Each structure stands twice: as C-alpha cells, then as structure tokens.
Amino acid sequence: MRSLVRRKMAAWTLKRQGLDRFPLALARRRLYILPTRAGLGFGLLALGMLIAALNYANSVALLVTCLLGGFALVAMYRCHRNLLALELTACSTSPAFAGQRGILSLTLANRSALARYGVEVDIPETQPATTDLPPRSMRRIELEIPAPRRGLIRIDRLRVSTTHPFGLFRAWTWVHAPLALTVFPRPRGARPVPPYAGPERGHARTKGADEDEWRGLRPFDEGDSPRQIDWKAYARGAPLLVKEYTASGSQRRIFDFDALAGIDTEARLEQLARWIVDTEARGESYGLVLLGARLPAQRGPEHYRRTLTALALYGIASPRAGVTPR
Amino acid sequence: MSPSDALPVRPRDAQLRALLWCAAAFLGGVLLQVDHIPLWATMTACVCTGWSIAVCARRMRVPRRSLKGALALALAAAVAAMFHTLNGLEAGTTLLVAMGSVKLLEAYRRRDRYIVLGVALFLLIAACLSRQSLPFAPLYAAQAWLCCSAMVVAAHPESSLDSRAAAWLAGRSLLVALPLAVLAFLFFPRLSGSLWALPETGAAATGLSDTLAPGGISDLSESADPAFRSWFDGPPPPPAERYWRGPVLHYFDGYTWSRTPSEWVDPTLAASAPIRATPAGVTTAAAPAARLYRYRVTLEPSSNRWWLALDTVVSPPSGAVHMTSDRVLIGARPVTEPITYTAVSDTAGRGLDPLAARRLGRDLQLPPDRNLRSVGLGRRLRSEASSDTAFVRSVLEFFRTGGFRYTLTPPRLGTDSVDEFLFGARRGFCGHFASAFVTLMRAGGVPARVVTGYLGGDWNPIGRYLLIRQSDAHAWAEVWLQGEGWTRVDPTAVVAPERLTRGIQEFLPGAASAPERLLLQMRWITSMRQAWDAANAWWTNEVIGFDTRTQLGLLRRLGITAPSSDQLGWALALCLIGWLAVAGSQLGRLPRPPRPDRLARAYQRLCRKLARVGAPRALDEGPLAYADSIARRRPDLAPTARVLLASYAQLRFGPQSGGATASRLADFERAVARWRVSPRTRSARGSRGTRSAASARG
Chain A
1 MRSLVRRKMA
11 AWTLKRQGLD
21 RFPLALARRR
31 LYILPTRAGL
41 GFGLLALGML
51 IAALNYANSV
61 ALLVTCLLGG
71 FALVAMYRCH
81 RNLLALELTA
91 CSTSPAFAGQ
101 RGILSLTLAN
111 RSALARYGVE
121 VDIPETQPAT
131 TDLPPRSMRR
141 IELEIPAPRR
151 GLIRIDRLRV
161 STTHPFGLFR
171 AWTWVHAPLA
181 LTVFPRPRGA
191 RPVPPYAGPE
201 RGHARTKGAD
211 EDEWRGLRPF
221 DEGDSPRQID
231 WKAYARGAPL
241 LVKEYTASGS
251 QRRIFDFDAL
261 AGIDTEARLE
271 QLARWIVDTE
281 ARGESYGLVL
291 LGARLPAQRG
301 PEHYRRTLTA
311 LALYGIASPR
321 AGVTPR
Chain B
1001 MSPSDALPVR
1011 PRDAQLRALL
1021 WCAAAFLGGV
1031 LLQVDHIPLW
1041 ATMTACVCTG
1051 WSIAVCARRM
1061 RVPRRSLKGA
1071 LALALAAAVA
1081 AMFHTLNGLE
1091 AGTTLLVAMG
1101 SVKLLEAYRR
1111 RDRYIVLGVA
1121 LFLLIAACLS
1131 RQSLPFAPLY
1141 AAQAWLCCSA
1151 MVVAAHPESS
1161 LDSRAAAWLA
1171 GRSLLVALPL
1181 AVLAFLFFPR
1191 LSGSLWALPE
1201 TGAAATGLSD
1211 TLAPGGISDL
1221 SESADPAFRS
1231 WFDGPPPPPA
1241 ERYWRGPVLH
1251 YFDGYTWSRT
1261 PSEWVDPTLA
1271 ASAPIRATPA
1281 GVTTAAAPAA
1291 RLYRYRVTLE
1301 PSSNRWWLAL
1311 DTVVSPPSGA
1321 VHMTSDRVLI
1331 GARPVTEPIT
1341 YTAVSDTAGR
1351 GLDPLAARRL
1361 GRDLQLPPDR
1371 NLRSVGLGRR
1381 LRSEASSDTA
1391 FVRSVLEFFR
1401 TGGFRYTLTP
1411 PRLGTDSVDE
1421 FLFGARRGFC
1431 GHFASAFVTL
1441 MRAGGVPARV
1451 VTGYLGGDWN
1461 PIGRYLLIRQ
1471 SDAHAWAEVW
1481 LQGEGWTRVD
1491 PTAVVAPERL
1501 TRGIQEFLPG
1511 AASAPERLLL
1521 QMRWITSMRQ
1531 AWDAANAWWT
1541 NEVIGFDTRT
1551 QLGLLRRLGI
1561 TAPSSDQLGW
1571 ALALCLIGWL
1581 AVAGSQLGRL
1591 PRPPRPDRLA
1601 RAYQRLCRKL
1611 ARVGAPRALD
1621 EGPLAYADSI
1631 ARRRPDLAPT
1641 ARVLLASYAQ
1651 LRFGPQSGGA
1661 TASRLADFER
1671 AVARWRVSPR
1681 TRSARGSRGT
1691 RSAASARG
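Listed in order, the protein sequences are those of chains A and B. Per the numbering used here, the first sequence starts with residue 1, numbered consecutively. Per the numbering used here, the second sequence starts with residue 1001, numbered consecutively.
To be clear, the hints were calculated from the coordinates, so they are not data collected in a lab. Just so you know, these numbers come straight off a predicted model, no measurement behind them. A couple of the hints might just be wrong.
[Unchecked claim] From the structure, some residues in chain B lie toward chain A, with a derived Cβ separation under 7 Å:
(1) M1151
(2) H1156
(3) L1175
(4) V1176
(5) L1552
(6) G1553
(7) L1554
(8) L1587
[As the list claims (entries may be wrong)] To give an idea of the interface, some chain A residues facing chain B are shown, with a C-beta separation under 8 Å as derived from the structure:
(9) R16
(10) G18
(11) A25
(12) Y32
(13) L54
(14) N58
(15) V60
(16) G69
(17) L84
(18) F97
(19) P165
Beta carbons: idealized from backbone N, C-alpha and C, even for Gly.
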C-alpha cells in the first residue's frame, strides 16, 4: 500500500516537474515541505500545552504556547528557504566493481548571501550524504551506492532535502535526471593471462621501451580524460581534441571473450576483468575482443574504463538511448 | 567565527555538544520547578546529567537497559509513594523530571534528544501554570530560547553551525514569532469553563489570617509583597480614610481573637445565605455628605477568600462573592489567581445593620476568667462616663496619656494578654491596641469588635493607582453607638498618628538603619520602585487578567459594535494571514545577490539583445561557443557577434592590465549599447526583406 502510494507520488512529481537538466536552480514550484516526525511531536506537545493553558485559563502559559506555535511557523519558513534557489550544477557517477560501492557525485552551488546547512542528498535505499554550503560557495557531495551486480544501475531520481534548522520540517525536491551507474564485473578467475601478441600493424619502435608513441589527434568524445585533451590548441580556438598514443608493441596482449571456453558468460566476463585489472596495474597494453567488437591495444585510465565498461554492458541495452540530454 | 572557516565537527564532539545543550535545556526546566518538586528529584536530575555527560565523554560505560528500566520504575514508585498519586501538578511535574532524567541517560540519538527537549518544554508550561508573575516572565522567555537553541543542535549535531550561531538563530526565530504570539494571545478564543478541575495549590501564601493573637508575636516581619492594587475613578481618598476592610473578629478567648468559634455558626455568615447590602440597608448616618469612591481592585493571589474593599462598601462587587452581615466580602473560592473587581464605597458612611440588634450580644463576649484588671478598668471608665461616646473618648484618652508606645517589636505576652499589655509592657502594634480597646469597650458594656484589613497604600504616579502591601496590614476597632451604628475607632491612631499618614515604612525595624532610610529617601530609587510596581500591575491586569470579557472589550475598541466570540475566530485568522504575509515576504525571500560587475552587466545586455531576436545563449555555452551557435542560427549576425563575444572573452579571461583594460571595457560597453540587432530571421528575409527595403527607398 505504502509503496503504491509512493510510486503514484513519484509518477505525479515526474509528470508535474518534467525531466531536469543541469544546471538547475531550485524554484519554489518544485520545493515540497512537510513536518517531520519530530515536528508532529512538537505539534502534539503544543496542542497539549494549549489545552492546559485554556483549561486553567492561564494567560502566561497561553502566551508561551502561542510563542512556540509561531516559532514552528518560522521554522517552516526557514527550512524552506534553506533549499530555495540552491543550484545543482552537475551530477555524475563513477563506476564501481560489483560488490563495491559506486559514487554518485552532485555539485551544489549556493550563489546567495545566505549560508545553507544540512543539505542532504539521497536516493531511495541509501544513506543520505550531507553538506553545508557557506554563502557563495560550491560543494560536491558524494553519495555511495551499493553495486551488487554487474551491469547498469539506473537512477531515475534524486532527492535533495533538508531539515535545518530545527528538525521540525523537511523540505525536499525531486531531481529527475536519469543517470546510470556502471558496475564492472567483479575481477575474478584464475586462468593465466594470454601471452603477448605481435606488434600491431607493423609499427616500428622509435623511442624507449616504456614510452608510448604519438599517434595523432582525434575529436573529443564523452568520457575522455581531461588530461589527454589538447588544451593549448583549445585555447587557440580549436575544438576539443584528444591526444592519442599507441602502446609500444612488445608488451601488448589481446583478451578474447570467445577464447575463454568452458565457463559461463559471467565467469568469462569476470575473468576478463581480472586480466584487465592486473595488466593495467603492470603498466602493459591490452586489447579486448568482445562479441565481434574490437578495442585496440592501449593502456591508461581511459582505455581501462572503456574496456571494463564494455564488459559491464555486455548483453545489456544502453538505457541512455532516447533520453540523451539535449 | 564565520561558518566557512569552521572546522568540521568530529562526531564524538558533536554528540557531546548536542547532549550538553539538551542537558542545559532540561536542567533549565528543572530549575524553574525547583521549589515545587522534592529535593531528591532535583538531585536525580543533576546526577543523571553528570552521568550521561560522563558516558558521552567515554569516562563511564553506557548504562544497561535493565538498569535504566529499574531506575525509571524506582523513581515512579518514589513519586507515587510521596504524593499518593501520579496525577496533579506537583506529582506530575516530579514524575516528568524523574522520567526526563532517565531519558537523558540515553539521549544519544536524535529522537531521544527531542524527547528530552519536549520534557524541558513541558516543564516550562508547568512552571507557567504555577507562577505567572512578572519577574518570572524573563525566565520563561530564556527557557524557551534555550530549548529552541538546543533544538538546532539536537537536530544537526554535526553541522558546521556553531553553538553561538545556533542560539542566535533560535533567538531571531522567536523574535519573529513574537508578534504572532501576541496577536494569537489577544484573539484566541478562551474556554468558558474548564475541562477538568483546577489544581489544588497547597502553598501557604501570605495574606490576612482569620485570627489575631497580638501577644504571640514578638517580631512582626512584614513583607513588602503587594497585597492588592486599586485604581480610582477620580482622585484617591486621603491617607487617613484608606481603611481597607478585611475579616472582622468577634470572639476573644483572652489571648486570640477569631472570627467565630465553631459553636457560633451564624446562618448569615455561612456561604449558603449571603446578605446583599441593598441601598436601603445602608444609611449614611449623620455625616455631612457621602464621600463616594468608585474603584477597581486587583487582588494578588493568596490562600484566603477575603476580598478587600474600602470601608464602607455601598455597592459590593458582582461575581462569585457575597457580603456577610458584618460587611466582610467573602469569595466563593480561595484567591489562587489574581482577580479584579469593581466596588463603590463611602468613606464617610457607616453600616447601620437593620438586624444588628439581634446579634449585638456576641460582640459583648469576653472570657470570664481572663484579663480581670482590664475588665475592671473598663467598667470603671464606663461608670465615670456620661455616655457611650464619652466612654470611647475617655478610653482613647487613657491610651494617649498612659505612656503607650507603638512598636513592631513588642515583647511576648502571656495568657492574660490585655492585662499584661495595658499594665505592663505598654508597647505594641495595631493588634495590641485594637485588642485592648475592644476588651475595655466590651467590659464597659458597649458592643465592639476587631476589624482587620489594610491601612494606607502608596500612590503610584506612573500607573495612577494605590499599591497596598502586606506590610500595610492593620487592625482597628468598631463600636456600636446607639443611633449611629457601627463606628470605626482606631486606637493606634491616637498613639501613633503618623501611622495613618506616613505608612508603615517608618516603623519597620529595618528602616532604623541609616543607609536603608537614605535609600528609601532617594527619589530615583523610589521612582524606579514605582515603575517596577507599575509594570507588575500592568502585567497582572493586562496579561494575567486577560480573559473573554477583556477580549470582547478589545473587539469593541476595534470598532465592532456587538462583538461575539465568533468574531474572535475571524480576528485570529486575519492576524495569522497577515503575519504569514509579512513574515513570509521577509523569511521566504533570499537576501539579494550582489550586483554583477560592469563587464557582466554589459555581457548580459548583449545576451539579452541576441535572445530577443531568437538566438538565446544556452546555459552551458561560453562566449566563444555562443558565437559558433549564432553563426549556425543567424549567419547575418555572426561577424559582429563574434567580435563582441571574443572581446568579452578577452576582457574576462585574458590578461589584465589596469588602464588599458578599463578603456577596452568602456569600448565594449559602448559597442554593445550601439549595436542594433536586426530582428529579421534569414527565412523572413526572402519575403518581407525586399518590401521593407523598397519602402525605405521610397
């Protein structure tokens, strides 16, 4: 019953507010407020006081009761204002291995002269993360999300809320920004790492063994590391370009999904993840052949992520199709 | 400390901080009740506070559940054993303190902390129910503030908001709430009766007693507490006429005067058969003219039922009070709350009770075997006098010339108190004189009685009222003179005439010391005392005494001709809406953000111009990306736009060089201001563009 009401309410808020895009300022229209359990208790207490004061025709008690009632209303205003016009500038997720915790990070900006305290961010079934925002400041808030299984965790909505200052009311807003958290397969398996493959396309070694070869520039793609971007060119007015390097040939391995016979799909993916993690840690280059797709041998954090993401999404349709922002 | 440089609070410190605030709020509540609850309850609260702090600071182990449960049961049993009930104000308060103490031992979670704060707030209300006087009002306000501040910390112990900021926040919130509280107080409809019985107050309050034993008092420690205040329509009576009538004492056992012994139950004195003084029942005897005073009295609470009124009452107050045949006003209930009533008195009048003759016998009573010398003296003086009036005069002459002295520190007297006073000590206060005078009168066969009450009162020029203190208590005599009725005779006035005019202060033992006398004479101290008392009077009348009747009067003053209780509800709703509108516009609004700088303003202006012609900037577009998007959407605007946007980017992000930057900024502003952005879109150009060009040529 309760979950049904909750689902209906969620559908209603989504219909009412629509999908959100960052940056996003919290307007009055999308802020909701209700008393907390402590607030209801306070209300009951005030009611008891009121009855006692009226029964004993005691003016001072009535005055104190009225003061506490007015105080509760002030608390309501202050709680609402603690979120009002707060800006959510960006939201992103960082992937995790299955069994670990993924991180959802949300950047909040307080552009007003008013300090904000106790701003909580949570999604259902997680512990909220809390932060304070001094006047004219930005804070990144990181929310840990348990990631039990490989694949994608869809996050349909976030709740940004506060009970500051007195804990008598909770003001909140729903942020409908479809996000997905990639969960890599758990690195597991004891098979030996495949041997080095031959040099790719006959590139000759020209530099030292540990150094990579300059391969060229390519347009920026989502997910590329900021460190690889050619910032100098960008400052000159060129579009965002990414510098690419090729791994030196000798330490190159190719991991093939189909070559792992005899175990089921998940176990294969886990074994591949194990190899990728180990090889990356050793600083060697590796390529991945998965379902006909071929990721050429490289190394570095971007490649590492790309290969693991390919494993994570194996057999899963991309949930982002259709709701790509802009 | 500004919030930005506040150190992050470590969880344990945060716990301790929240606990300390809750404990402070709780102890504040206990302190307000400290004289109403037994000492062991206060001790329990203190011990439990120390214990919980020690636990939180890791100095002691967390008490087990079973221990806390046993403690709670033991404390509840102790309360039940002490009060024989868990109901009632005092037992309930004690129980609340005990349970709050136990709860404090586990106040490490938010919920438990809130419960402790709830107990603290309830203790505050219990304190309001038992004491309403003005000096306590600031304490109550401080306690409310403390509880609300503790609420901030209890809700968010790990917040970077420090304790001082929390207290400041709570204080401001309460101040904003205060106007609403006052309006709600003025218009909240009151109950006409009470839902359950009023609490019994066992407190022994000061006030007039219904007995008088002058011999038993050796040191009359007078309290300066106010007994009542009186507002007059017109000028107050002169000091010598300010006799405020209290209980009349008829029966004397030689040592103690009392109202009536149990075997003398007079039907007219019983509450069941009140006699109303009708104008016909009162004659204003031979006096030249009636001196009528109409006045309002606000009685301070006492444990008694006497309603004080100026002698002689012509028109008694209405309400739950009746007047007995000896003209004592007796309320239906003890005065536990301040009450206000209006009466009319004639200071020149005398009560001529038409039924008095039947009852005169009891006012001739004397104990047969006591004070024999005095009885002899009375008989002798009567036989020497020609009439009752002459007899009165000769007894007063005896007092004047007999070497009597007025003092507030008389010696103790034995069972034949009048004999010892008249022929031995010769020192005493009003009670001694009245007692001796009435004894002599009765010995001479003249009906007489002792009247107790108050004499005098300080005129408060600020509040324009008379303040009568407990120390103004007085006793005098009344004698029955044929044809004139009951006549007041004050033997004290003969011995110490200044007692009438200068008040009791002159005779107070403490006043003998020079510094204190000096203090009393300093004018500014006097006026400060008067201002304080006027504030107390205002509080008693306008706040404590505010009830349905006053509410309706307020509505009438607001222009409603026939006010009713329904309109109170409407007024309350209006006040609430008005407050919500004002407070909402202040509290619901954010402080205005700082004005953007010149460059930003010029840039915003440029963006507005472009947006007006259908090329708005997307929120995540920087100036150069914006130039690209304009080039796609409106190629005709692109050249100018690119130059302007690039120069903005240069000014904003490029190297800064003082004067040159300033002149370039001015150029940029001018260029933005001058640029007239053509509103036509590329598609519109084909159809309408030529036509407008043609008309321009024509």
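Hint validation: A/P165 versus chain B, beta carbon distance must be below 8 Å. Holds or violated? At 5 Å from the nearest chain B Cβ, A/P165 passes the 8 Å test, so the hint holds.
A closest beta-carbon separation below 8 Å is what the hint needs, so does A/Y32 meet it against chain B? violated (15 Å)
Would you settle whether the hint for B/L1554 is holds or violated, based on the nearest Cβ-Cβ distance to chain A being less than 7 Å? violated (14 Å)
Using the nearest Cβ pair, does B/L1587 come within less than 7 Å of chain A? Check passed: Cβ of B/L1587 comes within 4 Å of chain A, closer than 7 Å.
If you take the shortest Cβ to Cβ gap from B/V1176 to chain A, is it below 7 Å? holds (5 Å)
When the nearest CB of chain B is found for A/N58, is that gap smaller than 8 Å? holds (5 Å)
Go through the hint on A/G18 and say holds or violated, using the shortest Cβ distance to chain B against 8 Å. With a closest approach of 16 Å, the A/G18 hint is violated.
Hint validation: B/G1553 versus chain A, beta carbon distance must be below 7 Å. Holds or violated? violated (15 Å)
Evaluation of the interface hint that places A/V60 against chain B, nearest CB under 8 Å: This interface hint holds because 4 Å falls under the 8 Å limit.
With a cut-off of 7 Å on the beta carbons, see whether B/H1156 makes it to chain A. Because about 5 Å separates B/H1156 from the closest Cβ in chain A, which is inside the 7 Å limit, the hint holds.
Minimum beta-carbon distance criterion (8 Å), A/G69 to chain B: holds (7 Å)
Any CB of chain B closer than 8 Å to the CB of A/L54? A/L54 check passes; min Cβ-Cβ to chain B is 5 Å, inside 8 Å.
Comparing the model with each numbered hint stated earlier shows that hints 3, 5, 6, 7, 9, 10, 11, 12 and 18 do not hold.
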